[in-house]
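Can you make the complete structure from the sequences, with help from the hints?
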Amino acid sequence: MSTVIPDVALIDNSEERAPLVLVLDCSGSMQEENKIQLLNDGLKALAADLKADPIAARCGRVLVVSFGGDSNVEIMGDWTDAMDFTPPSLLAGGLTPLGAAMRCALDEVESQKAQMRSAGVSYKRPIIMLLSDGEPTDEWRQVAAECKSAETAHKVNIMAIGIGDQANRETLGHFSNKGALSLSGLKFKELFIWLSRSIRAVSRAPAGGTVQLNPVDSWAQMSI
Amino acid sequence: MWRVFSASATGKRNLEQGAPGQDANHCVVKDDVLVAVVCDGAGSVPEGRTGAEFVARALAEQLSSALRADRRPPEIQADSSACLEASIRSAIETVRGRLAELAASRQLTLHDFSCTLVGCVASPGGGSLFHIGDGFAIQQGATGDSVLSRPENGEFADETYFVTDENWNDHLRLTPLPAPERGCVIGLMSDGTAPFAVNRARSGFFRPFIDPIAAFLRETTAPKGNEALRNLLESPQACEISSDDKTLLLAFVV
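Just so you know, the protein sequences line up as chains R and X, in that order. To convert a position in the first sequence, counted from 1, into the numbering used here, add 16. To convert a position in the second sequence, counted from 1, into the numbering used here, add 542.
These are computed hints drawn from the structure, not numbers from a lab. No residue lacks a Cβ here, since even glycine has one placed at the ideal position from N, Cα and C. Be a bit skeptical, because a hint or two may be false.
Said to hold, decoys possible - Label pairs and their calculated CB-CB ranges:
(1) R/E49 - X/E694: 51 to 57 Å
(2) R/N50 - X/N773: 54 to 60 Å
(3) X/P588 - R/S134: 34 to 40 Å
As structure tokens, this is what we get:
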């Protein structure tokens, strides 16, 4: 009779990680139209949808960077595996230091990559998703140029998304080679479900390949 | 003071090609000093398996007897690691020389016997991990703190370094080991085992993997424990995760 050791967990711990940084506008205008609450609900939907998929739950790595207040950029907690991700409760108020927030996101992506490399953990190209409903109130052009060149160098994918009519889509478009998209009708939840499905797809993609993401028409507004 | 269990299982890739497993392991315990070696023969050379078997056995024996001849154990201390390092380098040099002779006698070269190397010297006063190429070594203390030796790969994921390389000295990595207390476990493994034996942060054993194994092995005999380890490495779940050959050597302080 063959001897079997009971209760041993056999799981592949070497799967590639899919890092995601959410750069979220928490300036005063986010209080209007209940936007900050809708954003918080969207984050909860993201966390739940990532956790519902075993591969995305293991592979996703999430960091939230918020900006607002008295020109504050705040890293909300540490990088966490999607399976352990508890969304922060964001409060709105103050300015829109978007440039500094994107600088922070770029730095965090690089230091997280360095950390994973030194531990021998492999990873997919990180995604930075920027969400803003206004205009930067700090210096942003230099950072925007760095974001584009980081994309060109295949270091990161950046999605820049404007919320509502007041968002300056032209400015946001400078942060990504793909330009900016507009969130239609405050469909935060649809946006974050779409993002979760994108992370699911990225988690399953073979190393070095490309991924076809779902169409964005569940949440994006196209200019005609 | 040591209880050692080990198994090497042939992976799906070699089974499908009718090829033998390329992994080997060997350990020697003398005067409370454990010397253990795991080797993974390169699949791309004709004698990878022979190289792995030769190096694992010869190096464990050679290093163990060299340490005894130097009358160093059981006084090996982590802080006298310079002496220990010299012993390890010299033992590898000797074994490489003997393997080169074997190669020459068959009109082959050292390169034809390419294999990686991950091993340990562990004594009551401390010791060292030694490592060339991929594979993984972990000493997990009684409180769960771990000392690790991680794999070194080349530019591409499937490229690594071998003890048979000309410049092996540049790629030999030594990691001092603290004195092992009761409840401590040392694990050596080939790269086929690491994906499920090591945790996601690559900072130690995956506890839901190692804890049940440790509990089981504590209560069993060596032949039964070795058989159980082999069954685990050959299980469909393990084969699903990695199609490589898989070796796991576990040494418990009792």
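We went through each hint and held it up to the structure:
no. : hint                        : in the structure
1   : R/E49 - X/E694: 51 to 57 Å  : holds (55 Å)
2   : R/N50 - X/N773: 54 to 60 Å  : holds (58 Å)
3   : X/P588 - R/S134: 34 to 40 Å : holds (35 Å)
Of the hints listed earlier, there is not a single one the structure fails to meet.
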